[in-house]
Amino acid sequence: MASILAVDDSASMRQMVSFTLKGAGYEVIEGVDGVDALNKAKGRKVDLVVTDVNMPNMDGITLIKELRALPNYKFTPMLMLTTESGADKKAQGRAAGATGWIVKPFNPDQLLKTVKKVLG
Amino acid sequence: MTIDMEQFHQVFFEESFEGLDVMETGLLNLSPGTADMEEINTIFRAAHSIKGGSGTFGFMDVSAFTHVMETLLDEMRDGRRQVEQRGVNVLLGSVDCLREMLAAIQSGDEVDSKSVSTHQKELEIELNGSRSEATGEAAEIVVPEPDKAEDSAVNLGWHIIFCPHVHLMKTGNDPVRMFRELEELGDLTVEADFRGLPEIQDLDPEECHLSWDIRLEGDIERHEIDEIFDWVEDDCDMSIISFADEAEKNRPAEEDLVAGEPIVEKVVPAQETAKAPTKQAVKAEPEVKRPENKPAAKPASASIRVDTAKIDSLINMVGELVITQSMLSSLGEDFDMTKLDLLQSGLSQLESHTRELQQSAMGIRMMPISFVFSRFPRLVHDLSSKMGKQIELKLSGENTEVDKTVIELISDPLVHLVRNSLDHGVEMPDERIAAGKPALGIVHLNAFHRGGNIVIEVTDDGNGLDGDKLFNKAVEKGVVEPDTQLTEKEKFDLIFAAGFSTAEVVSDVSGRGVGMDVVRKNIEALGGHVEIRSKLGKGSTFAIYLPLTLAILDGQSVAVGDETYIVPLASVIESFNLKPEMVSYVAGRGETFRLRDEYLPILRMDNLFGVHRTESGKGSDGLLVVVEGQGTRCGLLVDDLLGQQQVVIKSLETNYRKIEGISAATILGDGSVGLILDIPGLLRLANR
Amino acid sequence: MARKEKKLTEEEKAQEKEVQRNLVQYLSFTLNSEEYGVEILRVQEIRCWEPVSRVPNVPSYEKGVINLRGAIIPIIDLRERFQLEEANYTATTAVIILRVEEEDKTRIVGIVIDSVSDVLDVDKRTVQESPSFGSKVSTDYISGLVEVNGKMLTLLDIDQFLSLQEEEEKELN
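Residue numbers (the working numbering), protein chains in the order written: chain B, 1 to 120; chain A, 1001 to 1688; chain X, 2001 to 2173.
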């Protein structure tokens, strides 16, 4: 069973993402912000990271940058949840090492489709 | 897979309302001209979350509205826009509008689309300046560009040349994954080009040196392919040419490409395709439509947020209780008198655990008063600018915890008192300067515990109350008789009489004096009272006294004749035997006694309550319980002290009515009803 | 013949239905050998008289409050309320616990009566409005008079009766 680290400071989004992924049989670890997610990611390995961009304490782009620097996460797919207006965010994310993005708003089907795409 | 998104709505609404509060507080903290990046960022994030959530959960009008706010905030955040009072005010208005929108959607009501479009216009004007007004109409008709060329003919397939940059895999992307996806679109032939591969000793397995020549056959639309390469477009060189176009073109061009030449045709940047629908959403016609999946009207559940530490302590307590219980039950299995000590200690443990458990459970209902206070910065900001006054609001004691019910019920009375201070208390700046005060008036909201009460004070450094003016007004209004003798304090209390107003000009801020009587009634309904302290020219303080917790009270049981009454322990100062020689008489009737340096009145409870005495001969030789209520002290003469216990407060008014001198009832150990004394009420009763 | 019989029963049925529709059940009780009735739908329970906790400075007919499974319920002595001669409480003295409907809430109130008699079916159409007794007897809380089994039954309007009580107190204040 693939494990996914879902990071979002918004409880409703986190719940939705987590619920959707769990429903599809993935193991989901939730993070409430970048710092929390980084702590949870350290010392283990997840198969995919799905993170929001705008978060307190540590934003999603920094999180991706930090994770990429860890040996365990060198090639781990990492997806950002961005809004349509975040063109420059996408560029920043890519520079930080993000694999791709899911554009908000998205529905559970879109999320699953994208996740399947990277997890195979 | 279908997922019922409605299950997340409640959480979404809760966090959105919280987000709005955060935005409001943040906006109020922003001082024009300066850019507190941290503050702006916080506000931005809150807006961003609401937008993201509302879009995801299908509240498109909320999402569109928030988008404009977000854009404005984004410009402030990037320093492209100055933080100006006007912009802040527009944003504050939008926060309110958004709050109403969300509340309407949550309760399944109609959204006030007029208000929404008004606020949205204001935002857009703020955002675009005059430009918006000029081009506003045109801007609304931005339509996503239709997929043009690709639609024209039936496509046979695509020739894709994909040359990833060496670091492609470091973003977690994998060409194999993309090929797999392409395969799902049609017949795929992939040829790898090894020419870029370095010598084996130079090979870094983490780098990608291959490129691929891909032929994909089938009637496939261009954007389907773009989507697959969307994430890597900046990390590769590639060309995507339809078989049809390719046939028209010269082969050599392609040869060049394979050799690593600059790209002939570039993928349409993803953000452009994605942008079009956004614009459409933002510039949607002002008539905001309700989302299609209108949520059914559901009553908001009365939930309460509890600090996890409180839950933990509660769980600990329950654990202790279970241990004590099992200890006691094993003791009961083969009990004999030698184990009496064990039983007694077990029982006393049980008692202390039960008490602690009760306190923890009550603690869950306790919330910091900041839940109420947090709305005042906004209120003061809005009202003072409306009235042209300069007022600073000070808050203190926000962490004072009060019962949840108090939080819910104290808000309105408090708003009224603060409005009153703003309107009638603090003077206009020029008046203040003329009176030798700083132009900036101060209104101070303070909460603290005192004795068994929580005290919430609203203090202003304004004009103060003029007792004589109040009295004259009251006479004029027929509230009191002209020959009534009133103390200064009693004159102040006239403010709480129904239909009383002291403002020379009736303003729309604090209204026509309607409400101060309601304020007092509401506070009294909570078992509390209001006190006014004021000095003419210096300012006034309205102090609300509320019982600390509403449901449980530490009581002192007293016997009066055959009857039992409960005195709130918090109001008891001391008790002693009253000897006849301690009593002195005022005008031959009023009984008083001297407590240290103070003469206090004696209230004979048997007389006051008309208690029938079965036994005679009890003169003044009873027990005097010295109590304090509303700052006044007196001695209650009772027959006996019966003991202290915690009692559960039961309202008398649920099935009966308010009784003077009685605040509530409780059920005593023997199942009978005991009445809880209301000290201020007793004093009123005695003075009649 | 058969047809006629059937027709008759249908008529009877209709009549029966009409009667049923107008039937209201009353709990009857005695007070100073007079018969009174309260709508049975308002009766929550009937209890024996038990000592109450006296409440100070209220009219004497408000005997006090009792603990009814955790709720505080006022007890009203109907004899005193109607200014009948005082009777000692005996073994048959009962308390009827009633639900009183007010504008915005329901209150539970107990009334003390001499003894409970019966449950009676009363046809609404036979209820007569209370005649006026001048100022001697207030009829505001009497919803009507009806004859049942040859005896007159005074039907009490509980809501009216207990809201009256409130008004009097307001006047007192």
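No wet-lab data here; the hints were simulated from the structure. Don't take each hint at face value.
When the alpha-carbon atoms are kept at most 16 Å apart in a straight line, the in silico EDC-like pairs for lysine to aspartate or glutamate are as follows [unchecked claim]: (1) B:Lys74 x A:Glu1207; (2) A:Lys1538 x A:Asp1639; (3) B:Lys113 x A:Glu1427; (4) B:Lys117 x A:Glu1207; (5) A:Lys1170 x A:Glu1217; (6) B:Lys89 x A:Asp1639; (7) B:Lys113 x A:Asp1493; (8) B:Lys116 x A:Glu1183; (9) A:Lys1477 x A:Asp1493.
Do the hints match the structure? See the list:
For a cut-off of 16 Å, the pair hint linking Lys74 of chain B to Glu1207 of chain A stands: about 12 Å separates their Cα positions. For the suggested pair Lys1538 of chain A and Asp1639 of chain A, the alpha carbons sit about 47 Å apart, so the restraint of at most 16 Å is broken. Between the alpha carbons of Lys113 of chain B and Glu1427 of chain A the distance comes to roughly 64 Å, so the proposed pair goes past 16 Å and is violated. The straight-line distance between the Cα atoms of Lys117 of chain B and Glu1207 of chain A is roughly 22 Å, outside the 16 Å bound, and the hint therefore fails.
About 30 Å separates the Cα atoms of Lys1170 of chain A and Glu1217 of chain A, which puts this hinted pair outside 16 Å; it is violated. This hinted pair does not check out: Lys89 of chain B and Asp1639 of chain A have alpha carbons roughly 79 Å apart, beyond 16 Å. Among the hinted pairs, Lys113 of chain B with Asp1493 of chain A is inconsistent with the structure: their alpha-carbon atoms are about 69 Å apart, more than 16 Å. Pair hint Lys116 of chain B plus Glu1183 of chain A holds up; C-alpha atoms about 15 Å apart against a cutoff of 16 Å.
For the proposed pair Lys1477 of chain A and Asp1493 of chain A, the alpha carbon gap of about 15 Å is at most 16 Å, so the pair holds.
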